[in-house]
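Colleague: All chains should be modelled from the sequences, with the hints used to inform the complete structure.
In order, the protein sequences belong to chains A and B. Residues 1 to 221 in the working numbering are what the first sequence spells out, letter by letter. Residues 222 to 525 in the working numbering are what the second sequence spells out, letter by letter.
Keep in mind that the hints were calculated from the coordinates and are not lab data. Zero decoy hints are in this set.
Computed list of lysine-lysine pairs in DSSO-like fashion (alpha-carbon distance at most 30 Å, straight line): (1) B:K360 - A:K83; (2) B:K268 - B:K246; (3) B:K261 - B:K273; (4) A:K83 - B:K268; (5) B:K308 - A:K83; (6) B:K308 - B:K273.
Coverage of chain A stretches by chain B, computed from C-beta distances (three or more under 8 Å per stretch; other residues unrestricted): (7) 2-14; (8) 87-100; (9) 207-219.
A quick note: this is a predicted structure, and the numbers were derived from the prediction, not measured. Idealized CB from N, CA, C, for every residue including glycine.
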Amino acid sequence: MIASTFYKEWMKMRLYWGIALSCHILVFIYIYIETRHMFILEHAEMVWYQVIHIHTLFYEQIKYLPLATGILLGAAQFVPETKNHRFRLFLHLPVRPYVLALSYIIIGLAAVAVICLVDIFLLSRITNVFFPHEVVVRSMITALPWLLAGLVSFLGTSLIVLEPEWPRKIFYLAVSYGFVWLFFQSNIPGSYISVIGKLIMASLFFVPAIFLPVYRFRNRS
Amino acid sequence: MSYFVKEQLMENIIEVRNLCHHYGKNVIYEDLSFTVGRGKIFGLLGKNGVGKTTLINILMGFLRPTSGRCLVLGEDSYNLSPATREKIGLLFEGHLAYEFMSISQIEKFYSSYYPSWDRDIYYGLVERMGLSHNHRISKMSCGQRSQVVLGLILAQNPELMILDDYSMGLDAGYRRLFLDFLTEFVKENNRTVFVTSHIIQDLERLVDEVIFMEKGGNVLQTSLELFMTGFRQYRFECNEHKHIPANNKIIHNVDIVGNRCSVYSFEPLETVETYLEESGLVHSGLEDVPMSLEDAFIGLSGKY
Chain A
1 MIASTFYKEW
11 MKMRLYWGIA
21 LSCHILVFIY
31 IYIETRHMFI
41 LEHAEMVWYQ
51 VIHIHTLFYE
61 QIKYLPLATG
71 ILLGAAQFVP
81 ETKNHRFRLF
91 LHLPVRPYVL
101 ALSYIIIGLA
111 AVAVICLVDI
121 FLLSRITNVF
131 FPHEVVVRSM
141 ITALPWLLAG
151 LVSFLGTSLI
161 VLEPEWPRKI
171 FYLAVSYGFV
181 WLFFQSNIPG
191 SYISVIGKLI
201 MASLFFVPAI
211 FLPVYRFRNR
221 S
Chain B
222 MSYFVKEQLM
232 ENIIEVRNLC
242 HHYGKNVIYE
252 DLSFTVGRGK
262 IFGLLGKNGV
272 GKTTLINILM
282 GFLRPTSGRC
292 LVLGEDSYNL
302 SPATREKIGL
312 LFEGHLAYEF
322 MSISQIEKFY
332 SSYYPSWDRD
342 IYYGLVERMG
352 LSHNHRISKM
362 SCGQRSQVVL
372 GLILAQNPEL
382 MILDDYSMGL
392 DAGYRRLFLD
402 FLTEFVKENN
412 RTVFVTSHII
422 QDLERLVDEV
432 IFMEKGGNVL
442 QTSLELFMTG
452 FRQYRFECNE
462 HKHIPANNKI
472 IHNVDIVGNR
482 CSVYSFEPLE
492 TVETYLEESG
502 LVHSGLEDVP
512 MSLEDAFIGL
522 SGKY
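Modeller: Okay, structure coming up:
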């Protein structure tokens with residue numbers, strides 16, 4: 001049954017997941033070429049100075065990529081599930097609906113997380129080619145809120161798409177937008193280090209929130 | 222719920238008791254009650270707006286009634302356990318299916334959820350279409366999709382099938398194919414079907430019992446045979462238009478087209494003839510006209 005659930009979710013997401021992953025890899029190839037280009041055109045110490053002291057982000061192109069990926073995969077997973085009231089097919093499956101909904105969310109989050117891990121890997125490898133270890137660590141910490149925004153945008157999109165009624169969809173959109181906005185308030189490397197734990201904890205509230213539309217769909221009166 | 226009470230309820234596959242449902246101030250039912258016994262095909266008939274879709278949604282567990290009880294296989298319909306849902310096959314209006322899947326993918330997906338899954342039934346039905354197993358459902362016609370959906374429901378081998386307007390979008394050939402497979406399956410396996418359709422003449426070939434629903438929740442539940450023999454249409458010529466009182470114990474409904482007057486009644490010809498004569502409405506020439514189920518449905522519920 002678990003394999004079957006994974007199979008169906010993969011059917012829906014595989015094309016969009018492949019497109020998203022390709023986009024991320026292409027952007028990192030671009031970042032690598034651009035950074036290498038900077039070292040060719042300028043003195044290495046000048047580039048280091050800009051990155052280490054002026055806090056120039058040579059990888060800023062990836063800033064909104066996880067966010068877009070979360071929205072894309074959330075829509076890819078749940079629009080086919082809810083279109084034409086098809087959510088009734090989901091609710092009739094002989095499994096506890098909240099367990100099933102949780103498994104869908106875990107699969108979707110895992111799909112976004114894999115792309116985020118690829119981002120972390122590529123960012124660390126590229127940074128490591130040109131900069132010292134301290135810059136590698138700081139770039140990871142800087143990118144972490146963006147990656148987290150990807151996971152939250154997935155959960156927010158899922159919540160909005162699953163919700164059966166428009167006023168609540170709009171409310172969830174406002175809440176999700178407001179929360180995701182918090183992740184993009186500072187470009188200074190490492191500025192989120194003191195709050196990232198709290199943001200992660202707050203983001204976890206989006207997971208049980210997904211049960212709300214499922215409950216409301218089942219108990220409409 | 223005690224074992225004895227549950228066993229009693231299980232004799233009825235569906236039990237609706239004093240069901241009330243409102244949409245805001247709009248009352249759909251006040252006191253709807255009926256039962257659906259095991260091993261028969263029940264047709265739900267009613268004019269547009271009487272609440273058939275609402276009832277189907279309540280039975281399917283997607284709508285919580287305002288009050289009253291709706292038990293399906295002994296459990297509240299809005300709170301069915303997974304084990305009970307496993308025994309119920311649902312066909313949604315428009316033959317809803319996961320359209321992003323192919324014929325074989327959707328079979329693979331559903332088969333893992335149902336222990337008594339019979340893939341031969343599924344492929345026996347869908348292979349008649351001559352399509353590749355990799356054919357995507359989104360690229361099928363409505364008729365082809367209906368075959369896939371029926372195949373999935375039958376392969377599930379459910380005790381109860383609730384079919385919401387199975388005929389929507391199907392041409393005569395696909396409707397016939399659908400009904401032939403369904404009827405054969407039900408008779409062979411002693412299954413229960415609760416069905417709605419806008420094509421009433423199809424139901425005449427399919428159902429054992431009919432439930433006529435009126436606005437507010439009044440129902441007439443009877444076997445099709447009893448209804449078709451007991452409910453009559455009597456026709457006569459009326460040159461001058463007179464008011465014929467309907468909705469009384471003898472005349473259920475009246476329909477006048479030109480100078481041809483039809484009265485519908487559960488009473489025999491003689492009783493109706495005497496009533497009309499005593500009322501001074503007509504003296505003779507009353508003719509008993511054979512009716513199809515569709516004619517009888519219109520006679521019972523009226524055209525408007």
